[in-house]
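Protein chains: 2
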Amino acid sequence: MANFADRLMSAIKQKNSRVVVGLDPHLQLMPPHLLEDAYLEHGEGARAEACAITRFNEAIIEAIAEDVVAVKPQVAFYEQLGSWGFVALEKTLAMAREAGLIVIVDGKRNDIGSTAAAYAEAYLGDGPLAGDALTVNPYLGEDGLNPFIDRCRGTDKGLFVLLRTSNPCAGDLQDLPVQGRPLYLHLADLINAWSLGTEGERGYRSVGVVVGATYAEEARQLRRQLPNLPFLVPGYGHQGATAQDVVSCFNSDGAGAIINSSRGIIFAYRKRYGPKEFARAARDAVKEMKGDINTALGRCD
Amino acid sequence: MANFADRLMSAIKQKNSRVVVGLDPHLQLMPPHLLEDAYLEHGEGARAEACAITRFNEAIIEAIAEDVVAVKPQVAFYEQLGSWGFVALEKTLAMAREAGLIVIVDGKRNDIGSTAAAYAEAYLGDGPLAGDALTVNPYLGEDGLNPFIDRCRGTDKGLFVLLRTSNPCAGDLQDLPVQGRPLYLHLADLINAWSLGTEGERGYRSVGVVVGATYAEEARQLRRQLPNLPFLVPGYGHQGATAQDVVSCFNSDGAGAIINSSRGIIFAYRKRYGPKEFARAARDAVKEMKGDINTALGRCD
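For the record, the sequence lines run as chains S and X. Start counting the first sequence at 1; every next residue gets the next number (the numbering used here). Start counting the second sequence at 302; every next residue gets the next number (the numbering used here).
The reader is advised that the hints may include incorrect statements.
Incomplete in silico selection of chain X near chain S, CB under 8 Å [to be verified]:
1. T355
2. F378
3. F387
4. I413
5. G414
6. T416
7. A419
8. L441
9. T466
10. G472
11. L486
12. L488
13. G565
Computed spacing ranges between beta-carbons, pair by pair [as the list claims (entries may be wrong)]:
14. E337/X / K287/S: 47 to 57 Å
15. Q14/S / D444/X: 55 to 65 Å
16. L27/S / Q526/X: 40 to 50 Å
17. E345/X / K15/S: 53 to 63 Å
Stretches of chain S that chain X covers, calculated by requiring three or more beta carbons in the stretch to come under 8 Å of a beta carbon on chain X [as the list claims (entries may be wrong)]:
18. 69-83
19. 162-168
20. 182-196
Keep in mind that the hints were calculated from the coordinates and are not lab data. Here a beta-carbon is modelled for each residue, glycine too, at the ideal position from N, C-alpha and C.
Please model the entire structure based on the sequences and the hints provided.
Take a look at the structure:
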């Protein structure tokens, strides 16, 4: 069974892509005809909306599969439809696996003891919601993360721990001064220690961190401090970061990071081609993003 | 529409109870006959397990309703069954509402911007997963909490922000020294500021905090620092805290805190009466817990 970090680095190399696409199906941004068709079929409500999301994701996954290493469904957008939303999420996970993509479930889950173990079972086990990796929140400390990290040892599963997030108020806690340096640098050392024993053959660990592209200088420092941890990098595109901004998230081997864009890709139709051609718009947008990042890294085909 | 804090304090007074019961349906701890019956009906798998959980919760809710102010379903235990688990959660929420109980959804959700808004819509909106209150994680800072806090202004919804958790490694981040005092005291000031504008008529706010009963001295200090914030207190019973330990979580009015117990109540049958009488065991256990806390506070009927 291949280690998660090895699988991730292998996909980056094979596809010469460092792109993750966030599958965040905002209902208000969806191509209207998909919702209209589903309402006609099932009547208005969560079941129809879940059906529209599934069809949307199916077309998006097919359009982007050859140019991305992973997809990252954001659980909140499924969760707001209740159990029907989870039916859509289960189908989305299955379609992404079928397309050969790595699936990072963006749930930012966290808890302690047997509850953390239940989340780990849900998303890193072998049930219907299981992905290849999960995002988690570190506020509860080591015993809150261990049930997740344990799932990454000797398996093909991975984890991304929130470290330096991309939002404007990220610093409220993350920048608090702890013994002369910001909290997130202190946490980086802790995660570095906690993640020991998840190394693959390519030098990276299966436990990585979330580092926002909107804070390029912080990313540069974290890259030096955590050379072996994969970075999952939000903030590109809609949140304002450019290809140049994300260069500091990579190691000199052009690996070690994957850059996420969500609405900039999946809702690209709103800026080109229109709703009927949402899949083609996503494909072209993802090819541009892939190229922009590779150009900034000097790693074009 | 009654403010959440007013509803909570009114329930405490009316029932003379400060007890919340966690609905955390560990499959391994469930009365075996419930699972066996469900497997016979639906075959083995998530659907049968979700059905067993629903029946279990139905009997537990009926048994405890008159002695508790709230129930707190722990989402992870439903989530690990995928979409069928959410069907069980939706039914559980409806049954608890029907029984006149306040429902605190224990999800520890967190994200930023439109994603946080989607979680808030899921759990504090009016969809099938909506409760009266939600637990959330503060690591992302103010703009990660605002979409949740905004839902508590001018509505009957509430929030509990993780502050000082009950687990052994809680201090890894929460105790880090920030300008001469532990991080959680600094965060307490932030939450105190962010929660302004959610006050009810009884002096409490609809945005409260999670404070573990396993750290009684920290709880005492936080109670002084946050006189107007309701405390949701885990750690009683199975995690080791006693009625004496939780006294420091209350204000002198005997209000301001609710104490959670999960497996000590819902799986009380494992220590008395046996599996067929799990509901009676839960009822007796919850009456004892309610009495123990009231005795410690000097507030017996």
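Verification of the supplied hints:
{"no.": "1", "hint": "T355", "result": "violated, 12 Å"}
{"no.": "2", "hint": "F378", "result": "holds, 5 Å"}
{"no.": "3", "hint": "F387", "result": "holds, 4 Å"}
{"no.": "4", "hint": "I413", "result": "holds, 4 Å"}
{"no.": "5", "hint": "G414", "result": "holds, 7 Å"}
{"no.": "6", "hint": "T416", "result": "holds, 5 Å"}
{"no.": "7", "hint": "A419", "result": "holds, 4 Å"}
{"no.": "8", "hint": "L441", "result": "holds, 5 Å"}
{"no.": "9", "hint": "T466", "result": "holds, 5 Å"}
{"no.": "10", "hint": "G472", "result": "holds, 7 Å"}
{"no.": "11", "hint": "L486", "result": "violated, 11 Å"}
{"no.": "12", "hint": "L488", "result": "holds, 7 Å"}
{"no.": "13", "hint": "G565", "result": "violated, 13 Å"}
{"no.": "14", "hint": "E337/X / K287/S: 47 to 57 Å", "result": "holds, 55 Å"}
{"no.": "15", "hint": "Q14/S / D444/X: 55 to 65 Å", "result": "violated, 37 Å"}
{"no.": "16", "hint": "L27/S / Q526/X: 40 to 50 Å", "result": "holds, 41 Å"}
{"no.": "17", "hint": "E345/X / K15/S: 53 to 63 Å", "result": "violated, 39 Å"}
{"no.": "18", "hint": "69-83", "result": "holds (count 8)"}
{"no.": "19", "hint": "162-168", "result": "holds (count 5)"}
{"no.": "20", "hint": "182-196", "result": "holds (count 4)"}
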